[in-house]
Each structure stands twice: as structure tokens, then as C-alpha cells.
Amino acid sequence: MADLLERLSDAKGHVGPNWSPDRERAVRLRIEAGVARRAPRRALVLSAAALAVAVVVLVLRHGSVFEPRETPIASADSRPTELLRLDDGSNVTSKSGGAHVAALEVAPNVVALRLDTGSARFSVTHNPARVFRVTARNVTVTVLGTIFTVSLEPKGVHVAVERGRVHVASPLGERDVSVGEDAVVPDAPEIVGVPAASIAAPPPDEAEAPDVPAPSEVRLPMPSTPSAPSTVPAPSNPPRTSSWRELAEDGDYASAYKMMTAKGAPAVRDEPGDLLLAADVARLGGHPEAAVAAFQRVLVAHSSDSRAPLAAFTFGRTLLDQLGEPHDAAEAFATARRLDPGGALAQDALAREVESWSRAGETSRARDRAEDYFRLYPKGRRAAAVRRLGGLD
Amino acid sequence: MPRHQSAIRVVARLAPEMEDATPALDLDTLFRRYAPYVAAVAHRLLGRDGDVDDTVQEVFLVAVRAVGQLRDPTAVKAWLACIAVRIARRRLKRRRLRQFFGLDDPAVYDGVVDAGASPEDRALLARVYRVLDGIPANQRIAWSLRYVEGEPLESVATLSGCSLATAKRRISAAAKTLEEAFSDG
Numbered sequence: 053m054a055d056l057l058e059r060l061s062d063a064k065g066h067v068g069p070n071w072s073p074d075r076e077r078a079v080r081l082r083i084e085a086g087v088a089r090r091a092p093r094r095a096l097v098l099s100a101a102a103l104a105v106a107v108v109v110l111v112l113r114h115g116s117v118f119e120p121r122e123t124p125i126a127s128a129d130s131r132p133t134e135l136l137r138l139d140d141g142s143n144v145t146s147k148s149g150g151a152h153v154a155a156l157e158v159a160p161n162v163v164a165l166r167l168d169t170g171s172a173r174f175s176v177t178h179n180p181a182r183v184f185r186v187t188a189r190n191v192t193v194t195v196l197g198t199i200f201t202v203s204l205e206p207k208g209v210h211v212a213v214e215r216g217r218v219h220v221a222s223p224l225g226e227r228d229v230s231v232g233e234d235a236v237v238p239d240a241p242e243i244v245g246v247p248a249a250s251i252a253a254p255p256p257d258e259a260e261a262p263d264v265p266a267p268s269e270v271r272l273p274m275p276s277t278p279s280a281p282s283t284v285p286a287p288s289n290p291p292r293t294s295s296w297r298e299l300a301e302d303g304d305y306a307s308a309y310k311m312m313t314a315k316g317a318p319a320v321r322d323e324p325g326d327l328l329l330a331a332d333v334a335r336l337g338g339h340p341e342a343a344v345a346a347f348q349r350v351l352v353a354h355s356s357d358s359r360a361p362l363a364a365f366t367f368g369r370t371l372l373d374q375l376g377e378p379h380d381a382a383e384a385f386a387t388a389r390r391l392d393p394g395g396a397l398a399q400d401a402l403a404r405e406v407e408s409w410s411r412a413g414e415t416s417r418a419r420d421r422a423e424d425y426f427r428l429y430p431k432g433r434r435a436a437a438v439r440r441l442g443g444l445d
Numbered sequence: 375m376p377r378h379q380s381a382i383r384v385v386a387r388l389a390p391e392m393e394d395a396t397p398a399l400d401l402d403t404l405f406r407r408y409a410p411y412v413a414a415v416a417h418r419l420l421g422r423d424g425d426v427d428d429t430v431q432e433v434f435l436v437a438v439r440a441v442g443q444l445r446d447p448t449a450v451k452a453w454l455a456c457i458a459v460r461i462a463r464r465r466l467k468r469r470r471l472r473q474f475f476g477l478d479d480p481a482v483y484d485g486v487v488d489a490g491a492s493p494e495d496r497a498l499l500a501r502v503y504r505v506l507d508g509i510p511a512n513q514r515i516a517w518s519l520r521y522v523e524g525e526p527l528e529s530v531a532t533l534s535g536c537s538l539a540t541a542k543r544r545i546s547a548a549a550k551t552l553e554e555a556f557s558d559g
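Those protein sequence lines, which keep their order, are chains A and B. Okay, so the first sequence: first residue is 53 according to the numbering used here, each after it adds one. Okay, so the second sequence: first residue is 375 according to the numbering used here, each after it adds one.
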């Protein structure tokens, strides 16, 4: 044993990952996607009492539809926490209680966010070339450049404008709200009992995927119940933190998967964040085959979402490493590159595509992609493996 | 498509009583400082480069959620190592279960070392990791922490969440298995 340890002490200095800035960035993207789903919940719990007081006050003060008010929106008991920040300086901070804001789409010409819980302040840098949109229940607030607050209240959505002007639209009507004004949009009574898709569906732009059904929720394949419907109605207020999600956040993917696929359990919402979480639960919970549907859903129905390249890349890894499907894996890695050719994942995706074709026995395709790799990344960090797997040695 | 997601910054904060004394430990700071360290720990414990990214992801997701419970910000590195060990243990147990049912691909450990390793070192470590694959997760982790990570026994016990005596016992059991494997030539 002493001899082994002696030899090991010399060799172990070489044990280490090929950790690179690009790889770090790719993992960071995945973490952010997960954190954005969960970060504010603790704050929600901690400030529930303060929120309750604020809600009571607001409900007493705002009774009519779109009634302009000159009301200060500052909340003395709030501890603003930055939730999101964009490159142009636009940011979102929580207000009087545990706001959760989901990024549906962040692109040069559109930013689409959804307020899931609590109250949040949106400071938007003026950019006439971009639409900045916030959805809260069935209310959509659209702006060009302004500062405003959106709060979910028990009986409606409260919009207050500090600077600039916003456009507020709901099934009850629409109007502009200017600086110093705020408006309360009550929940439309006719919404109660209608199909979930009309409640939780994304704003029109997100729903415009042609030829693709856009249910508000989708259910992963369940081996134990093969006849389960592919879509299920959502509750009128979709549960953002049902049990399987909490288990997943605790890292107990096996239990999360069991809960997620159990009869009567909350389904997976048809939005990239929830779909990717479901895919994580499936693949890390020992059921990688069940992750396929979630990945495919992201790539088919949400291909313009900024998380789609990550979905394609992780899909490829799942197919290659866990499901032993190198042909399909190669296609998935190619999709990841196509969706984000200059992105942090592109080089790794091409290298993994070479590996996939190689493992599939498609030596010609492996070689072609390997040549692509060296043309694009002459000093790429995967050069040795790509050269070997692509048969370029 | 530009890297929009990277423009989003998510902030996690320390427990309230720590805020005055210490700056916020946000994801940016934690990840920038410690991601390479966590990746290295995960790589050495698991031996498979393909498992590293998922493990780092899990570690920081747990860390961001639990950072408010961290009472001593100076201990953040050890705290992250504890999380990494816990997650690695779970992955190793899952791996052994898959092995038991014949679902785990035969591991190739050629890539466990960097390009600077000699062929002898490469072969030695590949063989060590193949033997480790047959050892219970707790024993494997204790031995790896002691002889691959180079941690003192007390740290092995702390990181493994067990007593010093248990840590020694686990290391000894793993060492015995390795010794037998290597004595066979």
C-alpha cells in the first residue's frame, strides 16, 4: 500500500478537470436558470406578514377599474433585493414582499418577464427598438423606458408608474398609465372556470409558434401510466412551488420524479424554466428517457428562448451519456450550435458532436465535424479529443 | 444569438445579522471564486469529467439557497466542499446502483488526468479509479479525500459528516480493497 500511495502522490497532481472559462460560463448559465426559479421564495416567506399588511392597505385604497390615483408607491417596510439585471442597466428589484420574476424571453428586440408572486419594481432603460413587457396574471404591461411597479394582490394586479408611461392591457380593457398614476386591474370574474390556457398562456408573441400546440401545462411521459393525456388543465393560479419542485431544489431528484409523475400531481408548466427543471428531475432522478419530452418541448415550442441552446446541449449530453443514442445526440448538439453559433456552448457542442458521430460509427461525419472544429477553433481546448475522435491523428 | 442569460444577475444574501459585517455573498462572487475549486473536488471524487458540470451546478444551486444559513463567511470554501462531497456521495451511490443492474457504461478513466501526465501516471490513476468504482461510496469518498485531495483526517471526518473513528475505518477499508487489487498485479 505504501508503494501505491507513493506512486499516487506523484501522479495525483495531474488529476483535475479540463475547467475553462467557457465551460464555467456554460455551467453558470445553467445555475442562473435554476436560481431564477427559486431565489425569491425565502424572501416571500420572510416578508409574508409585511405583504399581508400592504395588501390590506392597497385593497382598501384601490377599488375601481383603472382608476388613476396619485399615490406614492414607496414601501417603508420593504427591503429591495435585485432580482434581475440586464446589460443595458435595466433591472428588477423586489418590493414589499417576495417577488418572483421569471424571464420568459430576453433578446435585443424584446424582453418578456412574468411576475409570479409578490411585488416588483421595474426600472427600464429607454430603448425604442425593444419591447419590454411584463405579464402579471392576465395583465400585460408594455413599456419603452420607465420605472414602474407591478404587484400581485389577492383581487387584482396593481401597476404604479414612477417615471414615463406604460400601457396596461387585460381582458377588461386597456389604457395608458402615466407618471404619478397607478392603476388596479381586478381579476376578471369571467376568467374563473375557463380553460387554463387562457389564464396562464404566454403573451401573444410567445404563443406564436406555428403548428405547435401551446398548452399551458404539459406532462412528462409516465411509464406507469402510458395513457395519460399530454396536456392537463392548470389550476386558476398555477402552483409555482409544488412539491416536486421543492424536492428538486433540495436535490432529491428521485423523489421529485416520483412526485412529478404521480397521478394527480401538478403537471409541468409549458415554459422553458419549468420544462428544464422537469428535465433535470428526470435525468438526474434516474429516468433520462423521461427527460426527452421536456427537452423536445423547449426546442419545438420555445426555440427562440435564450435557454433553448442550453436545452439542446443538455439534451445531447443526456442522449449520448445516459441513453446511448449517439445519432440523436449529434443532432441535438448540432441544434445547440445552430441556435447560438457564437455562444458559450458552441465549441463544446461541436466537440461533442464529433464524439457523437464517432460513437455512432459515422466516421466520415465525425471527420467532417472535426475539420469544422479546427477551422473554427484552431487552438480549441478540445483539440486533442476532437483530433482523436475525428480520426485526424 | 448573444448570451442574454449571462446578463442576468441573481443576488443571494447572507443571513441578516451578517450583512453589516460582510458584503453580500452573491452568486457572482461565489461562483467566480470557487467554481474551479468545486469542479476540481468533484472531478477528483467522481473521476469522470462528464459528471463534473452537473455536480458544480448542483453545488451552487444548493449554496445559493442555503447561503443565509452560513454563519462564518470565512468558511465558505469548506462549506462548499461539504456540499460537493454530499452531492458526490449521492452520485456515487446512484452510479453503484446502476452498476449493480448493469446499466452503467464501463468507465474510461483515460481523461481523469491532464495532458501533462506520463503514460505510467495515466495508467495508474485509471486503474485506481476503476478499483474505486467497486468500493462503497462512503469508503471511496473518505479514501479519496485523504489520499487524492490530501486532506487531514479531521477534515476528512468533517467533510464526510462522520466521526474521526468512522473516517479512519472507512479509509482503512478502502485502502484494504485497493491493496488487494494492486497486489494481484
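In case anyone wonders, no lab produced these hints; they're calculated from the structure. Every residue gets a Cβ at the ideal spot worked out from N, C-alpha and C, and that includes glycine. Each hint should be verified, as a subset may be incorrect.
To be verified - Pairs of lysine to aspartate or glutamate residues, derived as DMTMM-like cross-links and limited to a Cα-Cα distance of at most 20 Å, are as follows: (1) B/K451 x A/D373; (2) A/K431 x B/D488; (3) B/K467 x A/D373; (4) B/K467 x B/D488; (5) B/K467 x A/D304.
Claimed, not checked - Some chain B residues judged to face chain A by a derived CB distance under 7 Å, without partners named: (6) F405; (7) Y411; (8) G424; (9) D427; (10) F474.
Tested hints:
1. B/K451 x A/D373: Distance of about 30 Å is beyond 20 Å: violated.
2. A/K431 x B/D488: 17 Å, holds
3. B/K467 x A/D373: 18 Å, holds
4. B/K467 x B/D488: 26 Å, violated
5. B/K467 x A/D304: Roughly 13 Å separates the two Cα atoms, so the pair holds.
6. F405: Hint on B/F405: holds, closest Cβ of chain A at ~6 Å, below 7 Å.
7. Y411: 10 Å, violated
8. G424: Cβ of B/G424 sits 6 Å from chain A, so the hint holds.
9. D427: 5 Å, holds
10. F474: 13 Å, violated
When the structure is compared with the earlier hints, violations turn up for hints 1, 4, 7 and 10 and for no others.
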